[in-house]
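Peer 1: Read off the chains here:
There are 2 protein chains.
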Amino acid sequence: MTILVVGSVGLDNVETPSGKRIRTLGGACTYFATAASLYDQVSMVAVVGTDFPPEHIDFLKTRNIDLRGLEIVQGKTFFWAGRYGDDLNVAETLDTQLNVFADFRPSIPEDLRDAEYVFLANIDPDLQIALLQQCRAPRLTVLDSMNYWITSKRDSLARAISMVDVVLFNEAETKLFAAKSNILVAAKQILGMGPKALVIKRGEYGSILVTRGDGAAWALGECFFLTPAYPLERVIDPTGAGDTFAAGFMGYLARSDDLSIEALRRAVVHGTVVASFTVEDFSIDRLRTLTTRDIDERYQEFLKLTYFETLPGSDCECFRRPIS
Amino acid sequence: MTILVVGSVGLDNVETPSGKRIRTLGGACTYFATAASLYDQVSMVAVVGTDFPPEHIDFLKTRNIDLRGLEIVQGKTFFWAGRYGDDLNVAETLDTQLNVFADFRPSIPEDLRDAEYVFLANIDPDLQIALLQQCRAPRLTVLDSMNYWITSKRDSLARAISMVDVVLFNEAETKLFAAKSNILVAAKQILGMGPKALVIKRGEYGSILVTRGDGAAWALGECFFLTPAYPLERVIDPTGAGDTFAAGFMGYLARSDDLSIEALRRAVVHGTVVASFTVEDFSIDRLRTLTTRDIDERYQEFLKLTYFETLPGSDCECFRRPIS
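Heads up: the sequence lines are chains A and B, in that order. Numbering of the first sequence is given in numbering that gives the first Met the number 0, commencing with residue 0 and proceeding in unit increments. Numbering of the second sequence is given in numbering that gives the first Met the number 0, commencing with residue 0 and proceeding in unit increments.
No lab work stands behind these hints: they were computed from the structure. Fair warning: this is a prediction, and the values are worked out from it, not measured in the lab. Glycine residues also receive a C-beta, built at the ideal position from the N, C-alpha and C atoms. Careful, some of the hints might be misleading.
FRET-style restraints, in silico, Cβ to Cβ [as the list claims (entries may be wrong)]: (1) B:Val184 with A:Glu296: 15 to 25 Å; (2) B:Thr309 with A:Ser323: 24 to 34 Å; (3) B:Ala178 with A:Glu296: 26 to 36 Å; (4) B:Ala157 with A:Gly18: 11 to 21 Å.
Take these sequences, add in the hints, and give me the full structure.
Peer 2: Following this line, the structure appears as structure tokens:
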């Protein structure tokens, strides 16, 4: 299946306790497309300026990413500068220059309007609505957003949310958008607005998938799926974790073309696994060498990390021995 | 198997967004013993003052808890007053009156020194050491502590930790004790001090079990187990969550008398489940009516909440249907 992504491509200055990078490749669309290209065919709709280094275009082409929707317009590329302290969960934005992204009025090229899997990265919800109206028959639409739009364009965002299948929010965004302090209560309220599923990203604490029950019931074990994050001894750069979580999630669904709740759960774990690789290096550097085999191995390891009743074929002796 | 618990029995004033209670039954030993009595035979070693309401003693007796180690001495019972705001993860201590607990020099009654399962609730680590020396042949010793002892009696606590099988810490305590900001790095350091396992409690984000690998290796999927918390729409009073987590954990192990890593993982889930019931009401009130059947049902529900690959016998149709 074809995955269509619309979002930002940019250049980032990033500083973390592990070091810093200047004008490195960034942007939600870049992170998403690079990671999702490990799963299936990706087409991107985005804009860059004439200063955008050609080697980045060349790299995206090596991933077989369809760049017909990438406009190159006179001017400078979107730029973001940020810093992470010891608490890697919080990015401090030092500078944002929208540049050519300020006038980005994305239009999906004619023959991409039939794309089956559509990811709307974090952009103005009015643009997300316009893009959704251009899609002819998507199998799955997924939307990301951020606190800025929740605060400044709540009505537009609510409308966009009512039009998509899946909403991705982090924990704070979920509570902020629903104006509820309990995460389950907030989740139910958002699902009541129309989407079929909500994925709540909790950073190093994992994520929650919420779907609607059969009818009015909200059987906890059926409507909710909770999973921890993959534990890492060292996080180099958290930038792009959310975008590549989305890529693993959608990539798995597009590749399997299965939209059952079971598939969605596995997709959340794929998102978890892909995001865990992303933060092991700056920018998209870890993704450059990542393989589907790496993903599958970590997925199996994640199973071992989280299960507490025996799975078929998982007769690992190491769990049978007494603690020593 | 017999579970021996040593710790505080007290009276609490508690205030949460859901209401307040005055001089309600509290104390780590009380919470632990009440919950663990649902699993196996419990003996408690503790002290109360002559003001301790006899109905609380009567209640503990109805749970078949062995009270031969409960001293009643002239004076007032340990008293704690605390308040929780909207962030139920943080208790603000308003008052602590040690009273008869200040001179508590616990001694395990002679015929309880053969208890197989020993839980040392959060008390002075020097007392924990003295108690461990009185135990003749425990199958499993588990220790809880708090930031106060980490800061004020680090050396004694380090020695106590080197003497037990399992250490229970919350996330902040783990990082504080190891002086490391990464939780995996901190956990490995603590295991290097002697215990066979460490359980890290992360409140609403679940918990992590860490055991040592075979030899020097730290295969992530074998040495670490991560699990979310059971999600609740409403938390009434978080007091006692940690103590009853310990009770579910030890209760399951004592009842099955299985100390394999697999059993420890299930024990962590039992801890998770029991703690989730505790916080549904003030004091030990929810535990008064809790049954083993309630626990087993929520354990099964937890399995449904967290698995993403099919388990034997779990061919639930609800997960196969497409999201709607």
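Peer 1: The structure should be examined with respect to each hint, and the outcome stated for every one.
Peer 2: Do the hints match the structure? See the list:
For Val184 of chain B and Glu296 of chain A, the hinted distance range of 15 to 25 Å is satisfied, since their beta carbons lie about 23 Å from each other. In this structure the supplied range 24 to 34 Å holds for Thr309 of chain B paired with Ser323 of chain A, their Cβ-Cβ distance being about 32 Å. The hint said 26 to 36 Å for the Cβ distance between Ala178 of chain B and Glu296 of chain A, and at roughly 33 Å that hint holds. Between Ala157 of chain B and Gly18 of chain A the CB atoms are about 34 Å apart, so this pair departs from the stated range of 11 to 21 Å.
The structure is inconsistent with hint 4 alone, although it conforms to all the rest.
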